Amino acid sequence: MSTETVHHTALTLADHLPALQVLVPFIAAPLIVLFGRRGIAWPIALASSATAFAVSILLLSRVIDGSVISYHMGGWEPPLGIEYRVDAANAFVLLLVSAMSTLVLLFARESVEAEVSARHHALFYSAYLLCLSGLLGVAITGDAFNVFVFLEISSLATYVLIAQGSERDKRALTASYDYLIMGTIGATFFVIGIGFLYMATGTLNMADIADRISEQGSNRTIRAGFAFIVVGVGLKVAMYPLHSWLPNAYTYAPSMVTAFLAATATKVAIYVLLRFVFTVFDPGFLFEFNTLGYIILPLAIVAMFAASFIAVFQSDFKRMLAYSSVGQIGYILLGIAMLSQTGLTAAIVHLFNHGITKAALFMAVGAFVLTAKGSFYNDIQGLGRRMPLTSAAVVVGGLSLIGVPGTAGFVSKWLLVEAALENGWWPVALLVVASSLLAVIYVWRVLEVLYMQPTPDGSTVQEAPMSMLAPMWIAALACVYFGLDTDVTLTAAATAAEGLLAGSTGLQ
Amino acid sequence: MRHHLILRVVTKLLIGSIMIFALYVQFHGDYSPGGGFQAGVIMAVGFIIYGVVFSLEDVQRVFPPWLVHKLAALGVLLYAGTGIVSLFLGYSYLDYTALSPHHPVHGQHYGIILVELGVGITVTGVMVTIYYAFTSRTPIMDDEAW
Amino acid sequence: MVEEAVRDWEFFLGHMNYWLFIVLMMTGFYIVVAKGNLVKKIVGLNIFQTSVFMFYISIGKVEGGTAPIFPVDMNIDPAVVYSNPLPHVLILTAIVVGVATTSLGLALIVRIREEYGSIEEDEILKIEKEIALQEIRLHSEVMGERG
Numbered sequence: 001m002s003t004e005t006v007h008h009t010a011l012t013l014a015d016h017l018p019a020l021q022v023l024v025p026f027i028a029a030p031l032i033v034l035f036g037r038r039g040i041a042w043p044i045a046l047a048s049s050a051t052a053f054a055v056s057i058l059l060l061s062r063v064i065d066g067s068v069i070s071y072h073m074g075g076w077e078p079p080l081g082i083e084y085r086v087d088a089a090n091a092f093v094l095l096l097v098s099a100m101s102t103l104v105l106l107f108a109r110e111s112v113e114a115e116v117s118a119r120h121h122a123l124f125y126s127a128y129l130l131c132l133s134g135l136l137g138v139a140i141t142g143d144a145f146n147v148f149v150f151l152e153i154s155s156l157a158t159y160v161l162i163a164q165g166s167e168r169d170k171r172a173l174t175a176s177y178d179y180l181i182m183g184t185i186g187a188t189f190f191v192i193g194i195g196f197l198y199m200a201t202g203t204l205n206m207a208d209i210a211d212r213i214s215e216q217g218s219n220r221t222i223r224a225g226f227a228f229i230v231v232g233v234g235l236k237v238a239m240y241p242l243h244s245w246l247p248n249a250y251t252y253a254p255s256m257v258t259a260f261l262a263a264t265a266t267k268v269a270i271y272v273l274l275r276f277v278f279t280v281f282d283p284g285f286l287f288e289f290n291t292l293g294y295i296i297l298p299l300a301i302v303a304m305f306a307a308s309f310i311a312v313f314q315s316d317f318k319r320m321l322a323y324s325s326v327g328q329i330g331y332i333l334l335g336i337a338m339l340s341q342t343g344l345t346a347a348i349v350h351l352f353n354h355g356i357t358k359a360a361l362f363m364a365v366g367a368f369v370l371t372a373k374g375s376f377y378n379d380i381q382g383l384g385r386r387m388p389l390t391s392a393a394v395v396v397g398g399l400s401l402i403g404v405p406g407t408a409g410f411v412s413k414w415l416l417v418e419a420a421l422e423n424g425w426w427p428v429a430l431l432v433v434a435s436s437l438l439a440v441i442y443v444w445r446v447l448e449v450l451y452m453q454p455t456p457d458g459s460t461v462q463e464a465p466m467s468m469l470a471p472m473w474i475a476a477l478a479c480v481y482f483g484l485d486t487d488v489t490l491t492a493a494a495t496a497a498e499g500l501l502a503g504s505t506g507l508q
Numbered sequence: 001m002r003h004h005l006i007l008r009v010v011t012k013l014l015i016g017s018i019m020i021f022a023l024y025v026q027f028h029g030d031y032s033p034g035g036g037f038q039a040g041v042i043m044a045v046g047f048i049i050y051g052v053v054f055s056l057e058d059v060q061r062v063f064p065p066w067l068v069h070k071l072a073a074l075g076v077l078l079y080a081g082t083g084i085v086s087l088f089l090g091y092s093y094l095d096y097t098a099l100s101p102h103h104p105v106h107g108q109h110y111g112i113i114l115v116e117l118g119v120g121i122t123v124t125g126v127m128v129t130i131y132y133a134f135t136s137r138t139p140i141m142d143d144e145a146w
Numbered sequence: 001m002v003e004e005a006v007r008d009w010e011f012f013l014g015h016m017n018y019w020l021f022i023v024l025m026m027t028g029f030y031i032v033v034a035k036g037n038l039v040k041k042i043v044g045l046n047i048f049q050t051s052v053f054m055f056y057i058s059i060g061k062v063e064g065g066t067a068p069i070f071p072v073d074m075n076i077d078p079a080v081v082y083s084n085p086l087p088h089v090l091i092l093t094a095i096v097v098g099v100a101t102t103s104l105g106l107a108l109i110v111r112i113r114e115e116y117g118s119i120e121e122d123e124i125l126k127i128e129k130e131i132a133l134q135e136i137r138l139h140s141e142v143m144g145e146r147g
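Read top to bottom, the protein sequences are chains W, U and A.
Each residue of the first sequence is one higher than the one before, counting from 1 in this note's numbering.
Each residue of the second sequence is one higher than the one before, counting from 1 in this note's numbering.
Each residue of the third sequence is one higher than the one before, counting from 1 in this note's numbering.
By construction, these hints were calculated from the structure, which means they are not laboratory data.
Just so we're clear, the structure is a prediction, and the values are computed from it rather than from any experiment.
A couple of the hints might just be wrong.
In silico DSBU-like cross-links for lysine-lysine, where the CA-CA straight-line distance does not exceed 30 angstroms [what the hints assert, rightly or not]:
| id | chain 1 | residue 1 | chain 2 | residue 2 |
| --- | --- | --- | --- | --- |
| 1 | W | K170 | A | K129 |
| 2 | W | K170 | A | K40 |
| 3 | U | K12 | U | K70 |
| 4 | W | K170 | A | K126 |
| 5 | A | K40 | A | K126 |
| 6 | A | K129 | W | K373 |
| 7 | A | K129 | A | K35 |
| 8 | A | K126 | W | K373 |
| 9 | A | K129 | A | K40 |
| 10 | W | K170 | A | K35 |
| 11 | A | K126 | A | K35 |
| 12 | W | K170 | W | K373 |
Take these sequences, add in the hints, and give me the full structure.
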């Protein structure tokens, strides 16, 4: 072979942002193991997560106008090579994931110190970073099989992280095992679905699959693939009847893991669902229309009520929030099922707002677990006076969960109602309001326990340390901020929704 | 299995060839079937068979657990580091052309060898870690009780 | 009538890989759902995943195709048909994921047995129910009639 001189224009660091987004936490993970010192595990984790956050801000600022960034892994052109593809929808998700991760890591130090035994700290943070890079990878990649690989990286790390809760409660092990079985079945269903799409189209690049499906139209193989993908991702999303892994996993995992998972993991899975439902398959695909209308819509409404109803009767604050998460996912799915610009915007905004709300609340749970040694209502009763700042954060988060005007939760629920009315589905709009009443009940129960009950005699509970209060309050204030100033979230979500509804823009 | 003389002798004879074979599979990976995954597993088998026939303490004296952990992490870093090099040279992540810009095919070879080496080291490390993790647990009953 | 039967039979034989895939997949799935032993569940999960591997590999087969390995001197004969290597590569990744899942699952089982003293699902559930009842009892004692 002769010497070839290849013309090549050097890429600058700014061109590498999509790769760095995933790489920074991914390289930090083995570095932590290599150093093996638990003292530096947390600083490395925090620094890499903060870098990822900075990268995601830069990425979002570049695509907010609706443009698309495509990064070719290894220099191989898509559709042959793996492509990282950033548009408004996934830049928004990347921002959410990396911001929440940084916030949770700021909070984590004391919490992990108290809940995970010291000799596991380095490996714990390493697994955490693998989970983070997996989630970022799922959001950024434009290759269908790559989604599966990153999904499994994050899931395997998640199972490990959940099992770390066994120091406090041995049920974390069975919770992790159950999630492992269900998560693997979900991921395998997803792979089968991708296999069908590959059979029908001969490509794995999502934009390319979309092009070929719209060329050749739908056939039975593609429909089977669609069904497998929806069920597989549905398991990861915790779509109502497939949610049974979630309450135990959230309840028994270490507090910071729960805060992180609740704010990001299910949200990323919802993003995958959006990406497949809207970009890969044409939104006009009749089969899809039926799936959304006759399956996802009723299930979303059932989730809103059933899960919220169960949450009312819990006597553990953390478990209550876990069930409430299942219910809130119902709202997001409802927004998707509306198949309209407003509905989709509502879903994406709620994805973000619910993320920050749950992060604030689960961080408060972490503070209670640290100081009061538990999150049962009998452990936290009367703590409103002893831990005023943590309890106030619970109040703010709770109000946002209900959707009180002036909080982030209100914005997304308002949009959801608006979208329902736009479609002429006024019973659905009423149901959204009615299910919010259930949220009022379960949030009220917590507030009542915190503020109206007497503190048990001899209780020596002190306020949580500053390092936990600060991130908790950043999340809580974000709930208020995004409730008052809706410009940023609404613009980004509307651009994302528009991009998704336009279907695939094809390979460029 | 201290008393199984034949097993012990055969194992000692085998381990050397198993490891040579692992290296063969490792470095032929860019021309023929093989590569880091297979080589890593074969290499790990060399250690595992030593542990099974002799004892966990013996193999851990040769290949201590802390070293296994570090190797598993080092391999990933070698893989990712190869990509970082091309990234700093102004090419896409993992674009091996960067390693030999005037002769891209050579660059591909260098890149594949480095990356496969990383994979091989990690797989060896991880496989041996899994083996250590399971065997170092105290069993419910002794070997004698079976 | 006969022609139709022959056609059906040919359809059946022609899609043999899919039938086997379905049988294997359902076997694995059934074991995961129906068996109470945690190790058996992992075995079922493995069979389930393996069926998907076989499915992918079978769709990569090109009729008359040989193993997709180019000769060392890169003198590629255009008359030689190669099978599609892409599904093989994908499945290599999926196998690694499967190994990781299996070992993590087994590690969890070891820990579960250490904590619960059992790997049977019903016994574990009984123990967990006991713990939950105790928690609720404690809760209602402290909280009085509101519990």
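Are there hints from earlier that the structure breaks, and if so, what are their numbers? No numbers; nothing is violated.
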